[in-house]
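Colleague: Fit chain Y to the supplied structure of chain L, relying on the hints for placement.
Chains as they are written, first to last, in the numbering used here: chain L, 1 to 114; chain Y, 1 to 114.
These are computed hints drawn from the structure, not numbers from a lab. Don't be surprised by glycine CBs; every beta carbon is placed ideally from N, CA and C. A few of these clues could be false.
As the list claims (entries may be wrong) - From the derived model, a few chain Y residues whose C-beta atoms are all more than 12 Å from chain L:
id	residue
1	F14
2	I83
3	M111
4	P114
Unchecked claim - Restricting the straight-line Cα-Cα distance to at most 16 Å, the calculated cross-link-like pairs of lysine to aspartate or glutamate (EDC-like) are:
id	chain 1	residue 1	chain 2	residue 2
5	L	K41	Y	D8
6	L	K22	L	E52
7	L	K22	L	E67
8	Y	K49	L	E102
9	L	K40	Y	E88
10	L	K41	L	D85
11	L	K41	Y	E88
12	L	K40	Y	D8
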Amino acid sequence: ETGVTQTPRHLVMGMTNKKSLKCEQHLGHNAMYWYKQSAKKPLELMFVYSLEERVENNSVPSRFSPECPNSSHLFLHLHTLQPEDSALYLCASSQDRQTTYEQYFGPGTRLTVT
Amino acid sequence: AQSVTQLDSQVPVFEEAPVELRCNYSSSVSVYLFWYVQYPNQGLQLLLKYLSGSTLVKGINGFEAEFNKSQTSFHLRKPSVHISDTAEYFCAVSVHNAGNMLTFGGGTRLMVKP
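One chain only, chain L, in its complex shape (with noise of 0.2 Å):
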């Protein structure tokens, strides 16, 4: 495997369930990006990881749990989540946070809420 790779590529979960989407990256990285894509929305940053610290959080409903175990994984654990969840969810890597690198985006997760 190369660059970003995300599982599942879709879900469909209830809103009483929990699941969690998988992120690795293949390139040697020291920060990963979760972000969220709608429908007629703007991207928006979720979390940001640098060294497998949280460095940032932007108002994430506390539904949203993410994870950074080690530099090359990120999860985003999710439970009882409403249907204005229901997006795209991308995550991303850079070489770090501190220097303007390009990010690497996976191909996303493509979530529905039932």
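Modeller: Frame of chain L; chain Y shown alone:
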């Protein structure tokens, strides 16, 4: 805080015609500027970026963009488009010395017709 406006949500154009996708930004401090492309069912891919130096930036796939500080614009252009250029295009900014944090515009869907 900074913001990005992409005035056109959709741009239809015939194959081999020129195209310009408009991007304006607002920021009280200096910014770096980016254009990303998203093909169907894929993540975002960097087309080009302006960090400093020449205001005319050339990117991949024959695209170029010009940074105009006085008009706070960073329009994307291609002299002759192909069917394969059909995609969503996103303009983004990050602020100098504020970490690698991107603020995205709402996106422009380029539709190339035969």
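Colleague: It remains to establish, for every hint, whether it holds in the given structure.
Modeller: Now for the hints, and whether the structure bears them out:
1. F14: Since the minimum Cβ distance to chain L is about 26 Å, F14 of chain Y lies beyond 12 Å and the statement holds.
2. I83: Holds, since 22 Å exceeds 12 Å.
3. M111: 17 Å, holds
4. P114: For P114 of chain Y, whose nearest Cβ neighbour in chain L is about 27 Å away, the distance exceeds 12 Å, so it holds.
5. L:K41 - Y:D8: Holds - the C-alpha atoms of D8 of chain Y and K41 of chain L are around 14 Å apart, at most 16 Å.
6. L:K22 - L:E52: Holds - the C-alpha atoms of E52 of chain L and K22 of chain L are around 15 Å apart, at most 16 Å.
7. L:K22 - L:E67: Holds. K22 of chain L to E67 of chain L sits at ~10 Å (cutoff 16 Å).
8. Y:K49 - L:E102: 9 Å, holds
9. L:K40 - Y:E88: 12 Å, holds
10. L:K41 - L:D85: Holds, at about 13 Å.
11. L:K41 - Y:E88: 13 Å, holds
12. L:K40 - Y:D8: 12 Å, holds
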